[in-house]
Each structure stands twice: as structure tokens, then as C-alpha cells.
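K.L.:
Residue-level listing of the chains:
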Amino acid sequence: MKPGHGEVLVAEGDVEVPEDERELVEAFRRQLDEGLWAAVPKTTRNGRREASMVKSFDEIPRDAERVIFFPRAAGGAR
Amino acid sequence: MLLALCATGIVVGALLAEVLIPRIDAFLERRRERRARGESGAIGYDPGRERRAEQRARQLLRSCVNNEEWAMYRDLGFLRVWGRGDGYAYLIYPHKPIVAFVPQTRELLNEYCVEFPDLSRPYGSARLPDPDHVLAKWMALTGDEHGLIRRANLHQPGRQVDPRQVRRDLWRLSEWERARGSVSAP
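Top to bottom, those sequences are chains A and B.
Position in the first sequence (from 1) plus 15 gives the number in the numbering used here.
Position in the second sequence (from 1) plus 1092 gives the number in the numbering used here.
Since the hints were derived computationally from the structure, they do not count as laboratory data.
All values derive from a computational prediction rather than experimental measurement.
Each hint can be trusted.
As a list, the in silico EDC-like pairs of lysine to aspartate or glutamate whose alpha-carbon atoms are at most 16 Å apart:
id, chain 1, residue 1, chain 2, residue 2
1, B, K1188, B, D1254
2, A, K70, A, E49
3, A, K70, A, D48
4, A, K57, B, E1161
5, A, K70, B, D1236
6, A, K57, B, D1236
Make a model of the complete structure from these sequences and hints.
P.N.:
This is the structure we're talking about:
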């Protein structure tokens, strides 16, 4: 997510392909280094939709379709 | 006397020109450069880009939440998210605090004020499109409720969101669920 722009594709690839996976890991780290949060939307066992916050590439389920990066939360107007 | 004054004026004018002309040239050059890349060096406001961002954000939100939640946002303009604990839920509005409430009694509990600022301002605006702002809150709340609540500024109900509006929205939500035949339960 980017202010004034909406969704921006950062990287895409197949984690089963080593070259793709390397690029995905690098892109993932780059986004986190820039201070963004990462989340993976998923469906729970009881059918509800929710997100998993992930802090390392290993935490991303191998079958995840995508990871969404968004600015970190901060306390708003006081 | 007049000749002396004219000569002095010419000399002063020449000296001033010597000092001022390079400065004027530099000022005009800087202005040309600013115009070439947009005022103040950033990409300016573009309503078309903002509208496209809003559309993309709506698609992204729709692809992340379930059908009922998407319809709720589309029809009512907010999302309800159930709390991890028993007996409370949240209303997520775009660019407004998250409001915690008790669904059974419609009692308002707290406002949690939270923002998702992008300090790099890459596109001239630090604001996420409305659906992105709702999605960011939804992801943070469903992914790490306590973490988000810890970061938020806590206020009593009514600090920023009018309690009458929230109660009206809760009534609209119950009517909306009744019309859809859906059950209001976590």
C-alpha cells in the first residue's frame, strides 16, 4: 500500500523456484527495512477471514498467495 | 552638477546590475527547474491518480475480507471486527479512530486512535486511500489485536467520533444484517 497510489506490486515469483525465492526474500527484507509491516490474509478453520502479521520470510506459509506491506501503525490524534 | 549625478547614477546602476543579474539568473533557473519537476519537488495532487488509487484499494480490500465484510463496507462505509475476547467488537472507519463496543448492549467502550503514516510521501499525499486505511486496520486488528491497541492512543467514546453517529451506525448495521438474514455473532 502506498499513500496516493494504492496497491503497488513489489515482487512476484514461485517460492519453489530458488531464484524466485531469493528475489522474494530480498524484496521482503527491503520492505521491512523501510519500516513497513507485512501481513498475509488467510481463511481460518472456521471460515473466517483474518490476517497473520509476519516478521520474517520463514513465517510466511509456503502456499500464501501474497504478502501485503503497509505502513506501521502509530498512535493518532491526541 | 546634473552631469555628476547622472554619472554617479550610471555607476551605481552598473554596480547593482553586476551584483543582481547573476542572482536573478539563478532565481529564474531554480524556478524553471521547479516547474519542470512539479512544484516543491514532489509530484503534485492529481485527482485522476487518487481516484485510480481508491479503485485499486477497493479491489484489494474486497480480495482480503470475506463477502459479508466487503458488503458491509460497500453498503455502510465501515467494518465490524469481533474482538479476541468475549463480548466486544470494533467498528473500523476510514481515517477515524477504531471504536470498541459491546454488541449486546451497544454500549461504547473506547476510541483507539491509530494512523498509518508513510513518512516518505512518495506520491504527494501521506494519506492512504479510505479502503486501504480500513484494510490496514483490519489486518493489524485481526493479526495482532493487542499489539495494535497498545500502539493506539486510547480515548473515551466521543472524543473524535460522535457517539450518536456510532449508535446510528450500529442500528444501521443491525438493520442491514436483518435484511440480509445474517447472524450477528463472532
